[in-house]
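For chain A, the structure is supplied; the task is to place chain B on it using the hints.
There are 2 protein chains.
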Amino acid sequence: MTRPTSVQIREVGPRDGFQNEPESIPTDDKVRLINSLGRAGFKRIEVASFVRPDVIPQLADGVEVLNRIDVPADVRLMVLVPNSRGLDNALKQRDKFHEVAIFVSASETHNKKNVNRTVAESMADNDVIARRIVAEGLDCAAVIATSFGCPYEGKVEMTRVLDLAERFAEAGATELGFGDTTGMCNPAYAGDFFRAAIERLPGVEITAHFHNTRGQGLANAYAALEAGCASFESSFGELGGCPVPAGSTGNIATEDLVSMFHEMGVQTGLDLEGVIASAREAQAVLGRKLTSHSIIAGAINWAPSAS
Amino acid sequence: MTRPTSVQIREVGPRDGFQNEPESIPTDDKVRLINSLGRAGFKRIEVASFVRPDVIPQLADGVEVLNRIDVPADVRLMVLVPNSRGLDNALKQRDKFHEVAIFVSASETHNKKNVNRTVAESMADNDVIARRIVAEGLDCAAVIATSFGCPYEGKVEMTRVLDLAERFAEAGATELGFGDTTGMCNPAYAGDFFRAAIERLPGVEITAHFHNTRGQGLANAYAALEAGCASFESSFGELGGCPVPAGSTGNIATEDLVSMFHEMGVQTGLDLEGVIASAREAQAVLGRKLTSHSIIAGAINWAPSAS
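Protein chains in written order, with full-length UniProt numbering: chain A, 1 to 307; chain B, 1 to 307.
Please note that the accuracy of each hint is not assured.
[To be verified] Chain B regions said to be covered by chain A (calculated; three or more residues, Cβ under 8 Å):
| id | segment |
| --- | --- |
| 1 | 14-21 |
| 2 | 34-48 |
| 3 | 105-111 |
| 4 | 245-253 |
| 5 | 288-297 |
Everything labelled a hint here was simulated from the structure, so no lab data went into it. Yeah, the Cβ is synthetic: ideal placement off N, Cα and C, and Gly gets one too.
The following block holds chain A by itself, in its conformation from the complex:
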């Protein structure tokens, strides 16, 4: 496989990142940060989730966010729905977004803890939801959590994950996201996995969603890229911690990922300085030091300096 020369990066900080913030973020700040991301060149942003507001109060203002943000017309906005009710609610804002994410965990225990259903129950519902999303003319992106390991069950078989992916594709999902929910992937496995996924799921977009739980997030992204993966999800500022293991970092930092890709000559269409500026703005809003590296170091300056 030849290394892709350009990749797509979906910014998931406004949903996956904000969701894990303990302090409520004012809607004004969310809108301002998403607009800033739009200016940085993202063509895909996950902006809201139609979950019950009592379960995730941080995202209760999703409808207001969707209605107030002002990003370029070619930015594809994504919302996440956990079930049919969530989709019902999302569709009341039908013209405000373009992509809908649905999900399941590959491991039974994680799925049970996350949505209190068996994987079979989730998939029966997902089959219906995916078809409704497609019928609405929206893009359906299916996400499989714990694709590379489960904190409760340990190893998750690759075939189990790819079987679920295939079922999603049959139901109409045009994008399959594989989530390393608690950072258990390593680059050797990432390479093997994405080679297999790309081979088994022709015609479907394959997206890598890595966490930086043990510092290996970018190594995994690099290995996935080398295996041919050309779609990634990440979070500006490395926003979004993870409750398992307690206190861990979550998503890989978008600006670190963009820095790596640009340095390798892989195009992202993004303005790295703009992404870093957005991340620094998020840091100011949240009032705590974020764990992204490029937020401190900045982009690499290759121009010789007088000294």
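Here is chain B on its own, set in the frame of chain A:
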């Protein structure tokens, strides 16, 4: 190139890490931490530097450290010397260590700022020092800083770096370390570089020394491994910041590197839990939150848990 099935990791935290700590670390703590690293299974530890104590007061107790530490007999201890005077002083402790590191920067400006000499001046001295080290029956490890980019000059030509490496090897160095001093390497270049270095320097050990300045440190290490590199340097707890760019992290975290290698099935001979314990001990000694990821997340637990 086939991926190496086992690697050597030199722990450089007690020298390269401590050196960058702003607060003086008591000798008792240094000794205790090095002894802890010895128990974790390291067979190579950089423990002291024979630089002028007024230049780096943090390492002024190097002789005492060398004389007080108690590590297994098969641990090879390294000291760093900046010049002939440094080697004179080091040799007064001749039986206390096994390896001597000497260095130069590949870029003129960095070398000038670091040791106030031209590269030619440094290399003339290094030729003499290397031969003296070898004559003493010690191993000479030569380190080339700014091998992957210079914060002042930008690009550093690969041939320039490998020419310096070859000259070190001719003078008797049996190990060549390539330092990414301010984190400007990317995994594509790391792969190209280490493939070229291994081809050009047969019979010499090639060591990768990456920094995590922009979060790409482990991705670079993975790429170097895939290119055939089997020797790495890292710092427990991700100790050792870097003054350029201001506030940046420095060396990659040993425990994150070990976690990645072990997960890939690459042997290090180290006890990951022991390394993490040492890093947590360092965190307690320093009284500040270190930036290593595994120090928070711990090793991956693949055993299914009752839940």
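Legend entry - Violations among the numbered hints, reported as their numbers in ascending order: The structure breaks hints 1, 2, 3; every other hint is satisfied.
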